[in-house]
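Q: As a plain string of letters, each chain reads:
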Amino acid sequence: MASSTLRTAGLGMQFQGLTALADIDLAVPAGQIHGVIGPNGAGKTTLFNCVTGFYRPTTGELWLDDQRIDGLAPHQVSGLGVSRTFQNIRLFSTMTSIENVLVGYHLQAGGRTTAGRVRRPTGNRLRDGLGELATAPRSVAASLAEIAGSVFRTPSVRRAEAEAVARARELLATLGLAGRENVVARNLPYGDQRRLEIARALATSPGVLLLDEPTAGMNPQESLSMVGLIRRVRDELGTTIVLIEHQMRVVMGVCEYITVLDYGRKIAEGTAAEVQRDTRVIEAYLGTRAVSGGGHGAA
Amino acid sequence: MPSPAARWKDARAASWDRLPSAARPLAWLILSLVVLFIPFFDDVWMRMFFLVALYVTLGIGLNVVVGLAGLLDLGFVAFFALGAYLVAIFDSPVSPAVNGTVNYWVLLPAAVGVGALFGVLLGLPVLPLRGDYLAIVTLGFGEIVRILLLNMDNITRGSSGLYELEKPAVAGYRVDAVSEFYVMIVIAAFVAWFATARLRDSRVGRAWEAIREDEDVAAAMGINTVKYKLMAFATGASIGALGGAINAPFIDFVAPQSFTLQVSINVLALVIIGGMGSTQGVIAGALILVGVPEVLQFEETANLLEKLGWLRDGMNTAIDGLNGLSPMNLAKLPPADEWGEKLALYRFIVFGALLVAIMIVRPTGLFPSRRREMEFAQTSDAELPAGGTV
Ligand SMILES: Nc1ncnc2c1ncn2[C@@H]1O[C@H](COP(=O)(O)OP(=O)(O)OP(=O)(O)O)[C@@H](O)[C@H]1O
Ligand SMILES: [Mg+2]
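Residue numbers (the working numbering), protein chains in the order written: chain A, 668 to 966; chain B, 6 to 395.
No lab work stands behind these hints: they were computed from the structure.
Careful: at least some of the hints might be erroneous.
[Said to hold, decoys possible] Below, computed lysine to aspartate or glutamate pairings styled on DMTMM-like, alpha-carbon distance capped at 25 Å: (1) 232/B to 257/B; (2) 232/B to 945/A; (3) 312/B to 47/B; (4) 232/B to 837/A; (5) 172/B to 137/B; (6) 232/B to 936/A; (7) 347/B to 325/B; (8) 312/B to 299/B; (9) 172/B to 311/B.
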């Protein structure tokens with residue numbers, strides 16, 4: 668499940684009168700590195716929050732491959748293979764690097780239970796409630812089995828744990844964090860924290876990886892190595908990547924296709940070269956709100 | 006698999022970790038010896054040790070909910086009460102609802118199961134709540150249970166309580182002496198410790214900690230936060246009920262007035278004083294919070310204080326001197342043989358001062374939780390091979 672397509676149709680998100688997203692149509696083919704750019708407050712992070720189930724979109728649809736995912740809970744979306752990082756790093760700060768990654772391996776280490784399709788809530792509370800009630804006995808049995816397995820450390824639990832640890836180590840090494848396994852996350856240098864967040868997201872073995880400003884606060888050199896890393900993840904794992912980015916150099920260097928948002932609307936899309944020439948994009952960045960935020964202009 | 010000692014290293018090492026590794030088995034040995042020899046104390050002391058071990062058990066249970074999963078639960082006493090009442094209702098001859106008695110060894114595991122069930126029942130309505138709100142609602146839950154027990158007098162006999170419980174029997178022998186109950190509660194504490202330590206080191210424990218650290222992100226990593234929070238509530242509650250089920254035949258009087266908010270707060274306080282998330286912390290916390298107030302009123306303490314007569318004489322001489330120098334008229338200290346009595350009377354002032362002192366000196370508790378090191382390879386931090394295997 669290395670690669671999935673992500674599609675939104677007429678996606679909209681409103682916060683009491685404030686329209687954060689409106690009518691967003693997006694199609695990210697499997698294996699693409701897709702950039703999402705736009706001035707501050709354009710709705711980029713909101714888009715990620717909708718896709719990952721953090722927010723329930725007020726209108727429109729979300730599709731992962733051939734499955735509709737809007738309305739699902741975050742853990743279900745994650746189970747289907749959508750993973751993300753956060754604009755303001757959100758690691759499990761008192762846990763060690765390897766523990767952070769092991770949390771990402773949670774589903775694998777437990778024999779992925781949400782594989783395949785997940786029932787979407789119908790919106791009818793009674794029906795959804797009854798549906799949940801019907802699965803409760805199995806869920807209780809699974810919980811009891813899991814507690815018993817952990818307490819008695821059954822051979823299968825041991826094996827799963829050992830395998831998760833081995834893979835977590837490998838993943839950390841791949842991201843250049845070898846030797847940092849047992850460092851408490853909040854004690855890591857900033858760049859390492861960003862990479863650890865990506866490692867944790869990759870541990871869920873996502874078909875789609877959403878990166879929210881992975882180079883924020885990095886110097887040009889660090890940004891460059893992040894670009895290399897992103898490309899390597901796609902090339903080696905095939906993961907579809909959606910990237911929110913302010914640094915134009917990064918966007919232009921790595922993104923094969925770009926969507927531009929402004930005031931919650933899609934104002935342009937295309938390849939880096941196409942987007943750069945688009946007058947609406949230039950206006951959004953250099954127009955009335957010249958040099959807003961980290962926008963380095965469409966230079 | 007490396008040795009257990011190797012797995013418990015950490016950069017933010019607590020006092021325990023600073024012990025040289027050779028000293029650790031020694032520390033365990035001393036602790037075991039102390040635990041083993043306690044049954045040779047007299048009953049007054051035994052009662053105190055029973056109480057301490059009971060609170061250690063309760064603390065270990067609450068620690069899962071508060072320390073690991075980060076859910077501030079102020080209604081823990083409800084589960085303690087539940088376990089006690091389950092045993093009392095079926096094993097007390099005065100129980101109005103049930104005739105005859107049920108074997109204690111059937112009731113004990115039943116209490117654990119019922120505790121877990123009620124843990125889930127409490128958990129369900131409070132799932133969306135966080136922090137302070139959770140604390141208030143669980144506090145209310147504890148009170149509701151107590152008031153229900155008080156008013157369901159056709160089952161619980163209200164404040165008259167249930168007593169003369171059938172004592173647990175082992176192969177025809179009745180567990181009766183304080184020291185025998187002490188052994189029971191120590192075994193329970195050990196079982197609770199073992200189970201929760203294993204859980205903490207597993208995928209379940211990691212999920213709990215992830216939820217404690219950042220619930221939203223935990224969900225984004227695929228953790229079903231609802232399920233794991235309920236598992237935490239259930240685990241904690243079943244340990245609380247276990248404690249209650251052992252305490253019931255020991256105190257032999259089960260009534261709502263023993264299950265007040267004070268119990269919840271005491272258990273929470275000992276978890277915090279000890280240092281959240283660590284078992285040594287819970288033991289230390291229980292010794293201080295439960296043991297010290299008891300010891301302060303013991304005869305032995307009074308006798309010890311009597312030996313301090315010389316100190317009193319010295320102080321009184323000094324007071325005389327001061328009174329001679331100025332118009333101040335300082336009262337003299339009472340005779341030393343009254344000190345014990347006075348201390349017993351004012352023990353909670355002494356106790357409060359002790360708690361304040363501890364929290365000033367060690368704000369994170371006596372034994373803050375060690376940052377567990379997930380060290381599965383044999384190498385040390387500095388020389389980990391890239392992508393090493395287990
Ligand atoms: N939970 C929320 N409640 C209310 N308003 C919100 C919420 N989340 C986002 N918004 C609003 O939606 C708009 C879009 O915010 P968003 O964080 O998506 O912007 P962004 O494009 O990620 O900007 P930046 O480049 O600064 O990260 C903003 O006006 C923001 O205030
Ligand atoms: Mg943003």
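Q: All the hints need checking, so say for each whether the structure fits it.
A: These are the hints, each one checked on the structure:
1. 232/B to 257/B: 37 Å, violated
2. 232/B to 945/A: 49 Å, violated
3. 312/B to 47/B: 22 Å, holds
4. 232/B to 837/A: 29 Å, violated
5. 172/B to 137/B: Violated: residue 172/B and residue 137/B sit about 41 Å apart, past 25 Å.
6. 232/B to 936/A: 41 Å, violated
7. 347/B to 325/B: Given pair residue 347/B, residue 325/B holds - Cα atoms ~22 Å apart, limit 25 Å.
8. 312/B to 299/B: Given pair residue 312/B, residue 299/B holds - Cα atoms ~20 Å apart, limit 25 Å.
9. 172/B to 311/B: Not satisfied, since the Cα-Cα distance of roughly 40 Å exceeds 25 Å.
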